[in-house]
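Asker: Given the structure of chain A, go ahead and fit chain B onto it with the hints provided.
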Amino acid sequence: MGHTDRAPLLRKLFNFHGGVKPNANKQQSAAQPICTLPLSREYVVPLHQSIGGTPQPLVVAGDRVLRGQRIGAADGNVSSAVHAPTSGCVVAIEERLMPHASGLSAPCVVIEADGLDEAAPRENFDWRSASPDAVRDYLRDAGVVGLGGAVFPSHLKLKANNSIGLETLIINGAECEPFITCDDRLMQEKAREVIEGVALMAHLMQAKQTLIGIEDNKPDAIAAMQAAAQTAGQSNISVVAIPTRYPAGGAKQLIRVLTGIEVPHGKRSTDYGVQCFNVGTAFAIRDALENGLSLTTRVVTVTGNVERPGNYWVRIGTPMHELVEHAGIKPGTERWLMGGPMMGIPMPSLDVPVVKATNCILAGSAELFAAPEPEMPCIRCGECAQACPADLQPFEMYWHSRARNFGKAQEYHLFDCIECGCCSYVCPSHIPLVDYYRFAKSEIWAREKDKTAADQARDRYEFRNYRIEREKEEKAARLAAKTAAGRAAIQASQQTVTGDAAPSETADDPKKAMIAAAMQRAQAQKAAAQPQNTEHLTPAQQAEVNDAEARRARARELADQDAQSIGKTSPSADTPNKMAD
Amino acid sequence: MISALLVMAIGAIVLGAALGWASVKFKVEGDPLVDKIDTILPQTQCGQCGFPGCKPYATAIAKGEADINQCPPGGDEGVRKLADLLGREYKPLNAEHGIEKPKSVAFIDEQTCIGCTLCIQACPVDAIVGAAKQMHTIVADLCTGCELCVPPCPADCITMEPIAETVETWKWRYPVFELKPVVTTSVVTTDHPTRAA
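Protein sequences, first through last, are from chains A and B. For the first sequence, the working numbering assigns the number 1 to the initial residue and increments by one for each residue that follows. For the second sequence, the working numbering assigns the number 1001 to the initial residue and increments by one for each residue that follows.
This is chain A alone, in the form it adopts within the complex (with noise of 0.2 angstroms):
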């Protein structure tokens, strides 16, 4: 470590296939510092906010909660919890609207702060004599996910892979999508708190070298971390720039730009000894190990079409009408879109929350977008190819998508595309290629997902129909048993009354022996069950029960005198023994 040998200077790149080179845009909002945004008076934090299961509500309306304070508890490994933004009391638990393209509603927390915004108590924990798995589980529930827009829970992230262990460690703030600057911001302001999260993560992944990939139009950014990785001293954090084309921040194109490695399709990079963050997540990592701070704030850009782009610390769950108000809305605004102009998804209303995926909120008007064009037919042109990043046939691909050839479009590893944008922004015809894709990946899993539950409806029809027949078998097999047993039980009882004489006439016909003895059984049994509600009685009560007793003899001797006196008489009287009741 004393000899610090820092970033070679003329650092070998590589080059991936493709990318096109739209119009930053990234002046508007760059320059001014990031503001933090007043409180809301209301917040609405979704409970499914990462990739994996639904995070189960930890509070009910009417509770009161803290900042910080963890509202739903991660549903299995493959999860990540969700918390309160500020102090305030739950309203309710109940469906919104969602930041997503469908329009659809999902379970949301509804929090109606108190204005105080008093944090919830910070849970003491020591990462550095914790076990990995310990600080995984606890960045679990501190709701780190990845903050470059995919919202992946960052600590099934965290873990390199055994056998070969982690040669590079690449943190991503390449940030190539045009318009959006909040990674930038974040690294010129927070710059040593994201080389301490650098640090942090290497130390965590056991990383042998760590680069930090900026694109070269970023060179304050550029400034800032590598003087921080400077002061840090940090001898194997390097910060590269690396050459302006979109997507260079795409992890398998920034792990070919800075590594030279190409992850095939099906592996994943932690097998080749490469694992990639971006530096909002970083960021999150350090606040959540070192400061016990969940994740409940995040920088969020603002731009296109309104007075003052820049960008913002948000709250998640903060209504996203609240946080375009803030910076001041311009007539002309025909949608918004929730991420960049390239992979952007359209919002349905400004009625939807900030998320942790929120990274950018454009506005788009019709001088900044031209509307689309008529789609055209495919010319074959091969323009999409040659600016795919993924190097796959986006032509081949949109046939068969368009065909509704699902399995055809799987053969071209529709998969491996990465919705970039590349094809359908070079396409002469101005087919939205990517929509094609988005709805042939979606219909695929939902056959996935058919095929799954008919595959287990099948096993478990299957399975009833055996244990229908087991059943079956079982109960014949009892009588078998049973008869048998009977059988025995006869015979041999035979055997001792009889002695060794002749064996009776039930001996050869064991059924009707079963059957007598079935139903002296039955009549022991009857005599047993007599109805008895006599037990227990007080002697008063047995007095009376005596009594009766007594006049129910009685009775029964005078008929039986009045029958033998009269029987000779009348036979057909007999003694109606209410007397005795």
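In case anyone wonders, no lab produced these hints; they're calculated from the structure. Some hints could be false.
Claimed, not checked - Quick list of in silico lysine-lysine cross-link-like pairs, PhoX-like style, CA-CA up to 25 angstroms:
1) K472(A) <-> K1036(B)
2) K1171(B) <-> K451(A)
3) K1171(B) <-> K441(A)
4) K449(A) <-> K1036(B)
5) K159(A) <-> K208(A)
6) K1055(B) <-> K408(A)
Claimed, not checked - Partner residues are not named here, just some residues of chain B that face chain A (Cβ under 8 angstroms, in silico):
7) K1027
8) Q1045
9) Q1048
10) W1172
Said to hold, decoys possible - Restraint ranges, calculated between C-beta atoms of paired labels, are given here:
11) V1176(B) <-> K21(A): 22 to 32 angstroms
12) T1039(B) <-> E118(A): 53 to 63 angstroms
13) I1099(B) <-> P38(A): 19 to 29 angstroms
Idealized CB from N, CA, C, for every residue including glycine.
Answerer: Just chain B now, kept in the frame of chain A:
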């Protein structure tokens, strides 16, 4: 002459033995075609096709005793897949066997349920829990929506509820370009990337 006959005879014996051995060694259990058909069928075991389950229907199709358009839960797509597999002509779903309905699950009104267990006995996939004189309930994740539990219920407390779309099950729609009135003036396009909404 004799040697030629011998050679032929030995050849016949060797080949015959090889064929005999192969027929024993590579014996196929069951009909692979039936299994292929069975994987296409939706496994609701609803019996709407007129056979007591998906496997018997698959067997009947393989034998040519049943047509490929008798499975309403499989729907139009199922018929197309069967037609593809069997090289038969596609035909629309036979309405005699029912119509294609949106996927739904059974729901027991627990206030009305008398706990008779008749629906439990009817359920082909064991998706109903309950016991005699105890309330019954459907395990919605396991329910295939076959409707077999509906007729036996003496209290008429089972209804079929269509499955609502959620954010997780929502599917991207087939891209359709919205038709708008033609604008004659050419629009100045900026160099920003745009994506058709």
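Asker: None of the hints should be skipped; say for each whether it holds.
Answerer: For each hint, the structure was consulted:
Only pairs whose Cα atoms come within 25 angstroms are accepted, and K472(A) paired with K1036(B) is rejected, the gap being roughly 31 angstroms. Taken as a hint, the K1171(B) and K451(A) pair is honoured in the structure, with Cα atoms around 16 angstroms apart against an allowance of 25 angstroms. About 9 angstroms separates the Cα atoms of K1171(B) and K441(A), which keeps this hinted pair within 25 angstroms; it holds. For a cut-off of 25 angstroms, the pair hint linking K449(A) to K1036(B) stands: about 18 angstroms separates their Cα positions.
Simply put, K159(A) and K208(A) have alpha-carbon atoms about 14 angstroms apart, close enough for the 25 angstroms limit, and the pair holds. Between K1055(B) and K408(A) the CA atoms are separated by roughly 28 angstroms; this puts the pair beyond 25 angstroms, and the hint is violated. Of the supplied interface hints, the one on K1027(B) is violated, with its beta-carbon coming no nearer than about 22 angstroms to a beta-carbon of chain A, more than 8 angstroms. Taking 8 angstroms as the C-beta cut-off, the interface hint given for Q1045(B) holds, the closest approach to chain A being about 5 angstroms.
Taking 8 angstroms as the C-beta contact cut-off toward chain A, the hint placing Q1048(B) at the interface is violated, the least distance being around 15 angstroms. Interface restraint check: W1172(B) against chain A, minimum CB-CB distance 4 angstroms, threshold 8 angstroms, status holds. For V1176(B) paired with K21(A), a C-beta distance near 30 angstroms keeps the hint of 22 to 32 angstroms intact. A beta carbon spacing of about 58 angstroms between T1039(B) and E118(A) agrees with the range 53 to 63 angstroms that was offered as a hint.
At roughly 56 angstroms, the beta carbons of I1099(B) and P38(A) sit outside the given window of 19 to 29 angstroms.
Going through the hint list in order, the structure does not satisfy hints 1, 6, 7, 9 and 13.
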